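As you go down the protein sequences, you meet chains A and B in turn.
One gets my numbering by counting positions in the first sequence from 1 and adding 161 to each.
One gets my numbering by counting positions in the second sequence from 1 and adding 74 to each.
One or more of the hints may lead you astray.
Unchecked claim - Cross-link-like lysine-lysine pairs, in silico, DSS-like; alpha carbons within 30 angstroms at most:
no.	chain 1	residue 1	chain 2	residue 2
1	A	LYS237	A	LYS225
2	A	LYS188	B	LYS99
3	B	LYS265	A	LYS188
Think of the hints as simulated: they come from the structure by calculation, not from any bench.
Computed from a predicted structure; not experimentally measured.
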Amino acid sequence: MTTGVIEGIPPDPILERREMVQRVARKTLGRRILISRGMVALSGTALILALVPLFAILYSLVEKGLRWWSVEFFTKVPQFPSLIDPNAIGGISNAIIGSLVIDGIAALFAIPIGVVAGLFLAESISKFASMLRTTAEIMTGLPSILLGIFAYQMIVIGFDEWGVKLPGIGFSGVAGSFAIGVLMIPVIMKASETALRGVPTPIREAGLALGARRGVIARKVVIPTALPGLITAVLLAFSRAVGETAPILWVIGASNMVEWNPRKEMASMPLQIFESATSPYVALRDEAWGIALFLVFVVLVINLGSRLFAAWLQRERR
Amino acid sequence: MRFENVSVAFHGRTAIRDVAFDVPKNKVTSLIGPSGSGKTTLLRAMNRLHDMTKGAVVSGSIRLGGTDIYTGGIPPTLLRTRIGMVFQRPNPFPTMSIYDNVVSGLRFNGIRKRSVLEEAAESALIAAALWDSVSNRLKAHASTLSGGEQQRLCIARALAVEPEVLLMDEPTSSLDPISMRLIEELVSELKSRVTIVIVTHNMQQAARVSDLCAFFLMGEDRAGEQIEVAPTKKLFSKPDDPRTLDYIQGRFG
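Please model the complete structure; the sequences and the hints are all you need to start from.
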């Protein structure tokens with residue numbers, strides 16, 4: 162690849178430039194590779210730094226929490242340790258059942274509302290839809306403790322203003338469901354919208370061009386196509402809400418009994434962590450690690466489960 | 075360039091197999107065949123774009139001037155300065171001006187000198203038949219150009235680093251007939267400067283622009299196979315393989 166300069170024939174500018182480009186590219190390659198490796202190392206380091214806290218938390222959770230897991234831990238209700246046996250602290254069955262009922266009821270109303278509203282956001286081109294979208298975005302940024310206050314006002318003590326009259330039912334599981342559900346709705350809404358928008362417009366247009374109404378296209382084409390993403394989105398939002406503490410902090414009471422009736426005071430896992438960790442008894446404070454580990458475990462199972470399910474659904478369809 | 079028993083597989087599934095022919099220097103070679111016959115896969119093996127695809131394996135030997143481009147010790151980045159590419163859809167860098175797009179390849183490779191960049195940009199834009207319409211607005215955004223102009227900008231961008239080979243993957247399939255005509259004319263003019271390999275679905279285009287034509291079909295196991303390679307005139311007038319004749323006469327594919 163050398164430019165042979167022959168007497169009398171002017172050098173070809175293109176060949177000259179080709180040679181120059183190759184020369185400079187070769188010459189700078191070492192430096193460029195070095196910079197490239199440096200950047201890879203830098204981003205790898207950033208990734209590790211980002212993961213260190215996560216693994217530190219997981220490690221300490223397992224290290225301090227796992228030893229509390231026992232049949233008693235999952236089946237008994239909390240008790241205050243006595244002088245004779247300072248380790249007799251019971252279990253957290255009240256909190257597990259409380260979380261199950263509270264989050265179950267929350268999911269029951271928040272998922273349908275969130276998904277259908279998300280469908281509206283994804284399919285509508287109206288001004289109302291974009292207003293709704295902005296509102297949802299603001300709501301996802303709302304400090305979750307505000308929802309606690311809101312639920313306290315609306316459900317626990319009741320409300321009688323602006324012609325709205327709510328009786329107030331006191332500390333109860335439903336108050337917690339209300340707070341958690343309202344917290345979940347905008348998150349589910351946005352996530353559903355994203356999943357539904359992933360369906361390519363030409364596929365929708367194919368339906369329109371066959372004379373289908375938009376509702377039918379949504380039901381028969383858009384939702385089935387987006388289903389794996391939709392399920393993941395919904396379950397991720399749900400698993401986030403399961404760990405929320407602030408919204409339920411002062412609305413569900415804090416029952417030490419197993420309680421299935423959502424109109425009564427209930428317990429819940431995040432709240433139980435708070436209660437145990439701030440209790441005067443050493444054993445209870447240590448047990449908080451065990452509850453925290455179980456909560457993380459539940460969230461992890463929902464997360465991984467939703468991903469696996471979505472991946473399986475995707476595979477089934479091919 | 076030379077193919078010797080080249081096969082490309084993705085996750086163990088062969089996409090194209092046993093390709094063997096020579097790409098003549100400073101000529102236009104067209105790769106034709108129905109969808110799924112592996113033309114684009116073969117093209118992307120020629121500048122090692124499959125390196126970036128998980129599960130892709132290129133076997134056999136692709137040579138550039140006698141050196142195996144995979145095992146011959148040419149760093150992939152340097153290889154790609156010698157083998158340029160134009161894609162199916164115009165893909166100018168959206169945040170760069172027309173000028174910055176054209177000289178981007180030079181800058182990526184460490185060339186900073188202004189006079190060199192300006193000279194190369196002008197030469198490449200002239201070669202891509204774009205100079206007359208953009209010389210007075212080089213600082214404008216590339217997105218202000220029409221689709222056909224954007225594709226010619228991409229050709230200019232590829233030419234500015236003065237590659238020895240230019241790969242074109244259906245470069246006119248997203249363009250209108252006039253833009254297509256312009257680019258076809260360009261291809262014929264550019265071959266004195268650069269060896270061209272062009273993938274096309276349009277048989278008239280292959281007949282119009284190429285000197286050599288390679289025809290591929292999807293085999294029984296859905297892997298592409300080389301059916302016939304011949305000078306374009308011969309392939310389109312009296313091909314050796316009856317399947318080639320069927321295809322160019324539009325009987326299948």
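Here is what the structure says about each hint:
1. About 20 angstroms separates the Cα atoms of A/LYS237 and A/LYS225, which keeps this hinted pair within 30 angstroms; it holds.
2. Of the supplied pair hints, the one linking A/LYS188 and B/LYS99 holds, its CA atoms being roughly 27 angstroms apart against a limit of 30 angstroms.
3. Annotation: proposed proximity of B/LYS265 to A/LYS188 holds, straight-line Cα distance about 28 angstroms (limit 30 angstroms).
In terms of the numbered hints stated before, the structure departs from none.
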